[in-house]
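Chemist: Protein chains in written order, with my numbering: chain V, 1 to 370; chain F, 1 to 343.
Please keep in mind that the hints were generated in silico from the structure rather than gathered at the bench.
Just so we're clear, the structure is a prediction, and the values are computed from it rather than from any experiment.
Heads up, the beta-carbon is just placed ideally off N, CA and C, and yes, glycines get one too.
Among the hints, a few may not be true.
[What the hints assert, rightly or not] The following residues of chain V were derived to be distant from chain F, with all beta-carbon distances above 10 Å: (1) Thr43; (2) Leu83; (3) Arg89; (4) Leu108; (5) Gln174; (6) Val202; (7) Asn220; (8) Tyr258; (9) Leu270; (10) Pro274; (11) Asp344.
[Stated by the list, open to error] Distance windows between CB atoms, simulated: (12) F:Lys90 x V:Thr259: 23 to 29 Å; (13) V:Ser68 x F:Val310: 56 to 62 Å; (14) F:Ser21 x V:Arg89: 55 to 61 Å; (15) V:Asn124 x F:Ser21: 42 to 48 Å; (16) V:Thr259 x F:Gln334: 27 to 33 Å; (17) F:Glu203 x V:Ser68: 42 to 48 Å.
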Amino acid sequence: MSEATAAANAGARTVVGNGENLVELDHLTKRFAVKQGVFARGTAQVHAVEDVTLTVRRGETLGIVGESGCGKSTTARLMLRLLDPTAGRIVFDGRDITRLSQRQLRPLRREMQMVFQDPYASLNPRKTVGQIVGTPFAIHGQSNARTRVMELLETVGLSPEHYNRYPHEFSGGQRQRIGVARALALSPKLIVCDEPVSALDVSIQAQVLNLLRSLQRDFNLTYVFISHDLSVIRQIADRIAVMYLGHVVELGDSESIYTHPKHPYTAALLSAVPRASANGRERIMLTGDVPSPINPPQACVFHTRCPRFHRGHCDVEAPQLRELGPSQWAACHYPLEKWPMTDDEIRQAEGAAREDRPSLEGTAHELPTT
Amino acid sequence: MSSNDDLLLDVRGLTIRFPTSDGIVQAVTDVSYTLSRGETLGVVGESGSGKSVSNLATMGLLNRKRTLISGEILFRGRDLLTLPQDELRKVRGKEIAMVFQDPFASLHPMYRVGDQIAEAALAHANISKEAALARAVELLDHVGIPNARNRARDYPHQFSGGMRQRAMIAMALVHNPSVLICDEPTTALDVTVQAQILELIEEVKREYNIGVILVTHDLGVVAETANSVMVMYAGRIMEYGPAEQVFGRPQHPYAWGLLDSMPSIEQRLERLVPIEGAPPSLIAPPSGCPFHPRCPYRFEPCPTEVPPLVAPVPDAHPDACHLPWERKVELGTQRSLLARDAA
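Just need the whole structure built from these sequences, with the hints factored in.
Modeler: Spelled out as structure tokens, the structure:
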């Protein structure tokens, strides 16, 4: 454990250039208008990202975790100005880019790149690998990039002979390497990886994760790594933001969050992950599904599913992110005192325990110990 | 292990070939396994390992004219592969039911959820429409849909992903089947909802005393729910045994590779250990052991001889690997020592 921790901390502290933060998001909000009703008479708003304040430090990997619809991809797209925010401010590399026009953004685009989830959909099937990886050079006015493209292919573990091949000739893992090579082309400062290994088989996932980790060391890259998979995030992130219904509910050092989650939602997520090493452990079962982001719950967005819900507090006053441990913040009125905790302990938060305890289909159960 | 009455499925030497314009796809080769009452059989493997196809054969969902199938699938002593279509129809959906991966694609978007379940009820039983609807409501309630009577009148899009999968499970249970095949039942769901659905499947199994086949690529899901595990690669079984043995003392290099390449949630590892290379083509699979091109421990017999699936010593479970038992023990011990060092 100590070695891994030391490495993680060292990674988090690697700082280059002026200003520790490469990206700063300040009270960022994004709402999408959607039509409602058969004749589109009413319009409603999807609260995709609500009041998110985050920083990405130079040289670190910030992991964003959460379930589908929690706003993790929208946050990343806002960061790159692929979407325009409804409110808030985005600072990239010391420069406020919130209101820059697309033309003004263009020179900055080379500094920020993205690796997408689906390696089948994100590569043009009618272009050769050389053309795909060479496109960034062409767009930014660098001709004769052929040798550079071949170098890049080698960097990501492909062979320069692959230059004239088409994407369909490659397996999923190799395609994702092509996507990584394309993102690396212009030596960006920031790479946003949006579920880059979710479409890959487990034996291939490890190859791509290792590649991303070694590239980060070699090129001093900063990653924002989005995933729904907590195990994958654990392997790559130095710091983590846990999102739920557009809000960051917990933020901090990866190691601290995984060993001592403070927010009940983080704890539920961690305990819900099935593990191959079956240690006896209790699972916190959340009832129901994530509520609709069109009509999110009042005050704390998690209160409808929270085992520690306190009537008259959680449904009235929205909790703010507050520091609850060394470099660890959570937005909860009744954060967890320790970890691991049993389901019953979690319910007996200080003060009145939840009276209207929701009917649980599956109450916490003891898992078989081997 | 179990008496003969409890034996539900006995698959012997199942081999499935798909002739295509590019050549014959060797989807499943010589696969044998059993399923008893109260058992959850976990089938793990990567994409293209044949884990789904073998179950489609059990369901009789492969086109017999375009597929070459050999071997036997004995369901309570009757071979499903030679059963006439009308006999098979009485088994499929009634005695053997299936839950698919994508609950949105498996429900008709323009019919009410309750009506769709009632339709399944009417398909195999001579009952009134009202009785079928009542059965649908009863089952929806049973699988944990709150306010089932009203929700039965909803359309699939009004259900969340987890509720749709619950509805699919309700539909599968209409005729009290004795075998429930779940093909990646939680892959499309979020992790907190996945936990709920896995729990529901476990409850259903206990309550109805049925056998469950759980097909998944997620080793964690299998480790937590299955009694026995079958690890498949390139259409063949690599390792097959009780779950606590396969996860506690895995014997096949492919199983080691799979387990070692899994990102751990317990700790951050210095380096993940991937399996080098990529899964083989099933049109031209490697000769001998299909895993040999990616196996770090291959030796002379591997490229030429197909290793049989046998237990290497009496108290071990069957694996298909040429390595001598002593060597497997030695490598297995090294592996667990490495894992302990990393921790």
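Chemist: Decide, hint by hint, whether the structure agrees.
Modeler: Hint-by-hint comparison with the structure:
For threonine 43 of chain V, the condition that its CB be more than 10 Å from all CB atoms of chain F holds, with the nearest at approximately 19 Å. For leucine 83 of chain V, the shortest C-beta to C-beta distance to chain F comes to about 23 Å, beyond the 10 Å cut-off, and the non-interface label holds. Chain F leaves arginine 89 of chain V outside its interface by the beta-carbon criterion, the shortest separation being 31 Å against a cut-off of 10 Å. Taking the minimum C-beta to C-beta distance to chain F, about 32 Å, the non-interface status of leucine 108 of chain V holds against the 10 Å cut.
Some Cβ of chain F comes within 10 Å of the Cβ of glutamine 174 of chain V; the nearest lies about 7 Å off, and the non-interface call is violated. Look at valine 202 of chain V: its CB is around 6 Å from the nearest CB on chain F, not clear of 10 Å, so calling it non-interface is violated. Every C-beta of chain F lies more than 10 Å from that of asparagine 220 of chain V, the closest at about 19 Å, which supports listing it as non-interface. For tyrosine 258 of chain V, the requirement that its beta carbon stay farther than 10 Å from each beta carbon of chain F is not met, with the minimum near 7 Å.
In this structure leucine 270 of chain V is not separated from chain F by more than 10 Å, as the shortest Cβ-Cβ distance comes to only about 7 Å. A Cβ of chain F approaches the Cβ of proline 274 of chain V within 10 Å, the least distance being about 3 Å, so the stated non-interface status is violated. With a closest Cβ-Cβ approach of about 17 Å to chain F, aspartate 344 of chain V is found to remain outside the 10 Å limit, as its non-interface label requires. Between lysine 90 of chain F and threonine 259 of chain V the CB atoms are about 55 Å apart, so this pair departs from the stated range of 23 to 29 Å.
The hinted window of 56 to 62 Å between serine 68 of chain V and valine 310 of chain F is violated, with their beta carbons roughly 44 Å apart. Under the hint 55 to 61 Å, the C-beta atoms of serine 21 of chain F and arginine 89 of chain V, about 57 Å apart, fit the expected range. For asparagine 124 of chain V and serine 21 of chain F, the hinted distance range of 42 to 48 Å is not satisfied, since their beta carbons lie about 26 Å from each other. In this structure the hint that threonine 259 of chain V and glutamine 334 of chain F lie 27 to 33 Å apart at CB holds, the actual value being about 28 Å.
For glutamate 203 of chain F and serine 68 of chain V, the Cβ-Cβ distance of about 25 Å falls outside the hinted range of 42 to 48 Å, so the restraint is violated.
Comparing the model with each earlier hint shows violations of hints 5, 6, 8, 9, 10, 12, 13, 15, 17; every other hint is respected.
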